[in-house]
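**Student:** This is what each chain is made of:
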Amino acid sequence: MTGHLPALLIAVPLIGGVISLFLRGRFLPWAWAQIITTAVLVITCGLVEAVLTGGTITYRFGGWPQEWGIAYRIDALNVFVLFIVALIGCVATIYARYSVDDEIPSDRHHLFYCIWLLALVGLLGITATADVFNVYVLLEVSSLTLYALIAMGKNRDRRALTGALRYVIIGSVGASFILLGIGYLLMVTGTLNLPDMARQLAAMPEAARNRTVLVAFAFLFVGLSVKMALFPLHMWLPNAYGSAPSAVSALVAATATKVGVYMAVRFLFSVFGPGFTFTALSTEVGDFTFTCDGVLLVLACLGVLYTGIEAMRQRELKWILAYSSLGQISYMVIGLALLNRDGVTGGIIHLLNHALIKGGLFMAAGCAVFALASQRLDDLNGLGRRMPRTAAAILVGGFGLIGFPLTAGFVSKWYLVKGALAAGHPTVAVVLMLGSVFALVYVWRVVERMYFTAPAADAPIPRRLPLSMEVCTWFLVGGSVLIGIAGKPFADLAGRAADEALGGHALMISTPATPSSPQAVEP
Amino acid sequence: MSPTTTALAAIVAPLIGAVAILVTGRRPNIRETMTLLAAVATFSLVASLLPGVLAKGFWSGPIAQVDLIEVVGGLTLSFHVEPLGLVYALIASSLWIVNSVYAIGYMRGNHEKNQTRFFTCIAIAIACAVGAAFSANLFTLFVCYEALSLSTVPLVTHKGTEDAKRAGRTYLGILVGTSVCFFLLGIIAVGVLTDGDLGFKQGGVLAPYLAAGGSTAIVGLLFALFMYGIGKAALMPVHRWLPAAMVAPTPVSALLHAVAVVKCGVFAVLKVTVYTFGPETLGSLGNTGWLIYAACFTIVCASGIAAFQDNFKRRLAYSTISQLGYIVLAAGLAAQGGAAGALAAAAGAMHIIAHAFGKITLFYTAGNVYTAHHLTEISQLDGIGKKMPVTFAAFAVGAVSMIGVPPTAGFLSKWSLVGAAWSAEAWIAVATLVISTLLNAIYLLEVPYRAFLRKPPAAPAHHHGHGDDGHDDEAPWPMRLAIVTTAVMSVLLFLGAGWVTRLVGQLAEGVR
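So the protein lines, in turn, are chains A and B.
Under the working numbering, the very last position in the first sequence is 523; numbers go up by exactly one each time.
Under the working numbering, the very last position in the second sequence is 512; numbers go up by exactly one each time.
Just so you know, these hints were derived from the structure itself, not from any lab.
The structure presented is a predicted model; accordingly, all values stated were derived computationally and were not measured.
Beta carbons are placed, not taken as given, at the ideal position from N, Cα and C, and that holds for glycine.
Fair warning: there could be bad hints in the mix.
Calculated Cβ distances over 12 Å to all of chain A for the following chain B residues [as the list claims (entries may be wrong)]:
1) 36
2) 53
3) 199
4) 423
As a list, the in silico EDC-like pairs of lysine to aspartate or glutamate whose alpha-carbon atoms are at most 20 Å apart [said to hold, decoys possible]:
5) 159(B) x 112(B)
6) 387(B) x 102(A)
7) 165(B) x 102(A)
8) 488(A) x 197(B)
9) 488(A) x 70(B)
10) 159(B) x 448(A)
11) 455(B) x 509(B)
12) 154(A) x 316(A)
13) 113(B) x 378(A)
14) 165(B) x 112(B)
15) 488(A) x 195(B)
16) 165(B) x 448(A)
17) 201(B) x 382(B)
18) 154(A) x 206(A)
19) 488(A) x 382(B)
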């Protein structure tokens, strides 16, 4: 049984999603989704345990050799991301019950939970698979379901429709870029298996001068940048996150872009390899050397600054959080582009930290939506007295965004800045610090409203919050504080993932191509 | 109790007090009892560490080193007790007792709202201050420093008016902005240069880096990052938060913005100078002389501005900036190394104590005048000394201590600071100290002069005070008790300075 965990990881939510189409009412579809997401979390925990004790797992569907069949490959890097997705998926489903009840007509609940589970299939599958075409298929699964989930916010906020439409258009362009990139790679390597592709590319003489490889790289680079919403290809994100149903905002903000970042790491570090991406691709123009990591750093730094300024100007809580997410994604990209262990560890642990912080904050915003039917800043005046626990969650989560010590944000920042200084990029360190100052400003605007401004005379009395929504919010926010106080185990995990990202390619291309047994464990 | 337990208990006691204050918030008398109990407990715990430190006779490293929790690899929350930290913890905890008495009079006398939040935040702030005092590495110091900034914001914005909120923004923006941009960057850079050694050690931690051929320019730059990153030390131009914070109720200005918060800044400056960089290391760099000039500029400039402020608390705020400059100047002199440097570090520690008792007395005067007569400007004080003799007598003592005239504590610190500047042959510092003494005398003595020697205005616009109960013209008795206590302490510290000099002497020993 445990040997088939990678297959179950996808099969359970896929079949579960289809079954939920046949359930009716408000309680049954939710309860079913809850059972499925809990099962997924259990399976993921099993995988984490297996990878930590036994090393990388390679699973071949149907026992086909990897040149022909689909293989899943789970190592220290993607098991970390799988854990984030499964954890948030499970918690967000608990949270979704009353929130979805409130925001979505009850005759659509079975549809909602069907695509909710299918979105999880997509996100988990992209992360687990070692087959690049499978990546594309599951990317489409997750994207199409997310478009629909976001558009379901239309009953509360009509902007959800334009948000979803914009996401459809830009997301599809991004996905087709990725498809083109994969196609060109298939042309030159003749394989879709990820380790195999890495081996072929590494064996190719002068790969960096091969036009087809270069074009493939360019398409993938741009397509992935869209998917992870890297500045300046981020325009689809704020409206999509800002107007989606509350539970969807929490799920998407905490998982979707993380998976995008993971894909970027997979392609740049594992398929092409650091040697190709960051060294062989360098181009000298005059006295200046363009490198891929340099381009990423510049884009991400601009992203931190631009989105910080945008976030300060927003007038609605969820939009502030959406713009802040963009800045935080830039942090992750900065970490990865630093190319040293501290930086990459910081980028990877920030995947988890940001998932907890931003998931918790979007849930808190959802609580405000539930209780007050609004998340505009003007309606949040005096929230500290009207909804003390929700306001406190926003406060603590906000501290995490700023990166105050003893919150998860500080742990990320610590590694990132250390990596930036060690890599000899003091400017990047300064940008990271400026990002914190921007966060201070946009968080403080909310805090001032909540704690130091009297509510309007006709402000509505908040509706009583269901316990489950508050517990979920505090679970994530509390988790972020826990990492800030005793984050060593998680930092160690992220460190192993960083080693996998930085050194995995070398290991991958040096191992033999086709082990004989259908399920083999790589050293 | 072992010193370790005592030190940790001294950090936890105010936190327990904060919880107790919150829980008993509905019954003010019990709530205030909790504040006083917590304050007395904290002070007793801190004071019980004093014999242990003094008994060591000569410097042999900190006592009570304890690692609480490792957050991530290389980041540990740990605490220890050493003379400089003990100085800071002692003044913060002892003045908390006095200030609690004062605050009870003030908050009730002025019918302030949100008193539970007020007393809770003060208790948390004191916990942060004691935590900072006992921090054993830069990370712990930073945690407490930031927590102190955050816990004091609700006190600055206490009134909830638009002015108060704006002041809160300035306060938080400058303090957190500088600490995040410069202080934290400096800490991480130290971590990178020393392979993760963030501890406070005798002689600093950067000597190995320099010995291995490290760049003196980078270490010099780091030093500058710390000096401006520790915004609580209010070195110009990062001083704006301090005048802004004066919108807070007077007990906050007195305890936090004359003692706990600002002293956290200069304490951190001294601690970093002595235990992270090490005076000898800094002296060998040859590029830290600018700090003396920056401090001198701050001293003279802030004194000058203070002389032109009519608002009582703003004048005191600028006076505080100038006095903090003395301590930064001490750090600048210590950074030149040698025997003079050791003397300067001790003088800085001494001034932390002297200024705390002197300046809190001055702030109490402002609070008494406001509570009894609702006056906020110095030009309104003509002839008021006859109505409030106790308050203004205490002010005179505090002012004398700030100017540095015996028999007050201010004389001791200024004397040793001038001595250190003289033996370091930093003539600009000597000149600054002389000029600043004159300016201090001008802007501080104007107050007792107006109060005692000018005639009251002929026809007061309207009668102030809560007078229908036959209330006299002085402030309520808890406020008078507090102000007399601090004024007397300023004198006693001069007369019985033995243990103070021994304590700061140990610090100097450690520097050598």
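**Student:** Quick check for students: does the CB of residue 36(B) sit more than 12 Å from each CB in chain A?
**Tutor:** holds (27 Å)
**Student:** Does residue 197(B) sit within 20 Å of residue 488(A), going by the straight-line distance between their CA atoms?
**Tutor:** holds (17 Å)
**Student:** Assess, step by step, whether the Cα of residue 113(B) is no farther than 20 Å from the Cα of residue 378(A), and give holds or violated.
**Tutor:** Since the Cα atoms of residue 113(B) and residue 378(A) sit roughly 24 Å apart, the hinted pair is violated (cutoff 20 Å).
**Student:** Hinted pair, alpha-carbon criterion (20 Å max): residue 201(B), residue 382(B). Please report holds or violated.
**Tutor:** violated (53 Å)
**Student:** Can we trust that residue 53(B) is non-interface, i.e. its beta-carbon lies farther than 12 Å from all of chain A?
**Tutor:** Given a closest Cβ separation of 27 Å, the condition holds.
**Student:** Does the alpha-carbon distance linking residue 165(B) and residue 112(B) stay inside the 20 Å limit?
**Tutor:** holds (17 Å)
**Student:** Hint check: residue 165(B) vs residue 448(A), CA-CA at most 20 Å. Holds or violated?
**Tutor:** The given pair, whose Cα atoms are some 8 Å apart, holds under the 20 Å limit.
**Student:** Take the C-alpha atoms of residue 488(A) and residue 382(B), compute the straight-line distance between them, and say whether it is at most 20 Å.
**Tutor:** Between residue 488(A) and residue 382(B) the Cα gap is close to 63 Å, so the pair fails against 20 Å, i.e. violated.
**Student:** Compare the distance between the alpha carbons of residue 488(A) and residue 70(B) with 20 Å, and conclude whether the hinted pair is satisfied.
**Tutor:** holds (7 Å)
**Student:** Just to be careful, I want the Cα atoms of residue 387(B) and residue 102(A) compared with a cutoff of 20 Å; is the pair within it?
**Tutor:** violated (66 Å)
**Student:** Would the pair residue 159(B) and residue 448(A) pass a check requiring their Cα atoms to be no farther apart than 20 Å?
**Tutor:** holds (13 Å)
**Student:** Is it true that the CA of residue 154(A) sits at most 20 Å from the CA of residue 206(A)?
**Tutor:** Distance ~52 Å between residue 154(A) and residue 206(A) Cα, so the pair is violated.
Checked against the numbered hints listed earlier, the structure breaks hints 6, 7, 11, 13, 17, 18, 19; every other hint is satisfied.
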